[in-house]
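Kindly produce the complete structure, drawing on both the sequences and the hints.
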Amino acid sequence: MGLNEFWEAVTSPRTLAAYRLTFGASLIAGLVNVVFGFLIAWVLARYHFPGKKIVDALVDFPFALPTAVAGITLTSLYSQNGWVGRYLYAVGIESAYSPLGITLALIFIGLPFVVRTVEPVLQELDAELEDAAVSLGANRWQTFVKVLFPNLVPALITGFTLAFARAIGEYGSVIFIAGNMPHKTEVTPLLIMTKLEQYDYSGAAAIAVVMLAVSFVLLAVTNYLQWIFSKRIGAN
Amino acid sequence: MSKSSENSFVRRILIAVALFYLTLFIFLPLLTVFVGALNKGVGLYFKSISDPNALAAIQLTVVTALVAVPLNLVFGVAASWAIAKFDFWGKNFLTTLIDLPLSVSPVISGLIYVLLFGAQGVLGPWLMEHGIKIIFAPPAIILATIFVTFPMVARELIPVMKAQGTEEEEAALTLGASGWQMFWRVTLPNIKWGLLYGVILCNARAMGEFGAVSVVSGHIRGQTNTLPLHIEILYNEYNFTAAFATASLLAMLALVTLVLKSMVEYKFRAELKAAEK
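Those protein sequence lines, which keep their order, are chains V and P. Take the first sequence: its letter number 223 is residue 208 in the working numbering, and every next letter is one higher. Take the second sequence: its letter number 127 is residue 205 in the working numbering, and every next letter is one higher.
Please keep in mind that the hints were generated in silico from the structure rather than gathered at the bench. This structure is a prediction, so every number in the text was calculated from the model and none was measured. A few of these clues could be false.
[Said to hold, decoys possible] Capping the alpha-carbon separation at 27 Å, the derived lysine-lysine pairs in BS3-like fashion look like this:
#: 1; chain 1: P; residue 1: Lys351; chain 2: P; residue 2: Lys339
#: 2; chain 1: P; residue 1: Lys270; chain 2: V; residue 2: Lys38
#: 3; chain 1: V; residue 1: Lys216; chain 2: P; residue 2: Lys351
[Stated by the list, open to error] Just some of the chain P residues that point at chain V, by a computed CB distance under 8 Å:
#: 4; residue: Leu92
#: 5; residue: Thr110
#: 6; residue: Val120
#: 7; residue: Val185
#: 8; residue: Ser340
Glycine residues also receive a C-beta, built at the ideal position from the N, C-alpha and C atoms.
In structure tokens, the structure reads:
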């Protein structure tokens, strides 16, 4: 494969559409999980309620559940006749076989990354820090925004990056709910798969190289963040 | 309540929102699997999971895990030992490399083996001449599974072994223990919970892997289908009850994994804490 062919394979309109969808849906899913993952981590780390231990263990369910099972389950849940889908379709939201469906699947698989990165940091934050803020006259909201939140930003960024990295490569949980229409609902891993099935090995490999490069960058970013992170904790 | 916590109203709202979100993304999917599996009755459920193709898929899945997990256990101990207790050139690179399968798309993991062993691949023609079939056959499924589950044991052990340092082992050697004695009596007992934790996660992933295995399998019914691939075929044939019945087996595996993991996690944390002292 020459350089020109490589460039053509990785920048064809169909491939570009797949990148846009994959990165767009992964970005949105990651951001949604940053907000709700943080909330869940907070609730698990700070509050007590009945059944908390079970809830805590089930947060890892997306890690433990095989992706193919997640795929068919989410599809049946969010399709037109599904338990959740029927209400969404009733108000005109197509939650399956659409970019939204892909995003929902990526939210599912990304959730534990954010919760499990933020939760330990929340547990280890020194209570004295908060007491000091309160004794200096800060109210609860000020304490949260000015004292707690800045300490959690590195964990949130790390959790987001981990979830995002997983999402851009995700295959099993996505393909059932995606619809898989070229240019519209075809994610990059599926495009690689399609090219393989058409015996276009070099085309598949070319796109894989691009995705590998992105994965390496994300891996480097997470390692760097964790390094900064551990330095900061060491300084405290 | 003091000012360093929220009032109970805010607390309840936050708990409610968190539980709502978890319901939408975790509890309902979990329920869907079992309802989908049993909604046509128990008879059809057992018929679906005792179908010859289903049994063949279960067998291949179990065999794959039986090969992949022990190999990665041995590799995981060796690699984390090397990384945690010795200094050598390229150590950081090796550490990053071990994590690689977790940050690469499963489809790409499978693709690597197709490019290596496939008919048009690097080793393909040689293999074909010698009548060795790897791609679209169980060996490729096992290889791809080993690749994707590679990091599961090592990444749990590296932090524990690093924290433990080499003092106890040096003491054992000074007192006249042989290398093996040191390993079995000092090193291994110190990491047993971390090891078990890694093995539990490794097994769950090995039995559930879909993307990588899908690329190299060839999808031949009764021969190269693992459980996740069998589910895909049933689902694409609109045989939803059988698909969910088979899926329920893997969902139960996931639940068992979570229970074991929570039990072991507690011991593992204590092990890690003891090492950090």
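Checked hints:
The straight-line distance between the Cα atoms of Lys351 of chain P and Lys339 of chain P is roughly 18 Å, inside the 27 Å bound, and the hint therefore holds. With a C-alpha separation of about 24 Å, the suggested pair Lys270 of chain P and Lys38 of chain V falls inside the 27 Å cut-off, and the hint holds. Distance restraint check for Lys216 of chain V and Lys351 of chain P: the Cα-Cα separation of roughly 20 Å lies within the 27 Å cut-off, and the hinted pair is therefore satisfied. The beta carbon of Leu92 of chain P comes within 6 Å of a beta carbon in chain V, closer than 8 Å, and the hint placing it at the interface holds.
Because the closest C-beta pair between Thr110 of chain P and chain V is about 5 Å apart, less than 8 Å, the hint holds. Because the closest C-beta pair between Val120 of chain P and chain V is about 20 Å apart, greater than 8 Å, the hint is violated. A least Cβ separation of about 4 Å between Val185 of chain P and chain V falls short of the 8 Å threshold, and the interface hint therefore holds. Using the Cβ-Cβ criterion of 8 Å, the hint placing Ser340 of chain P at the interface with chain V is satisfied: the shortest such distance is roughly 5 Å.
The structure does not agree with numbered hint 6 stated previously, though it agrees with all others.
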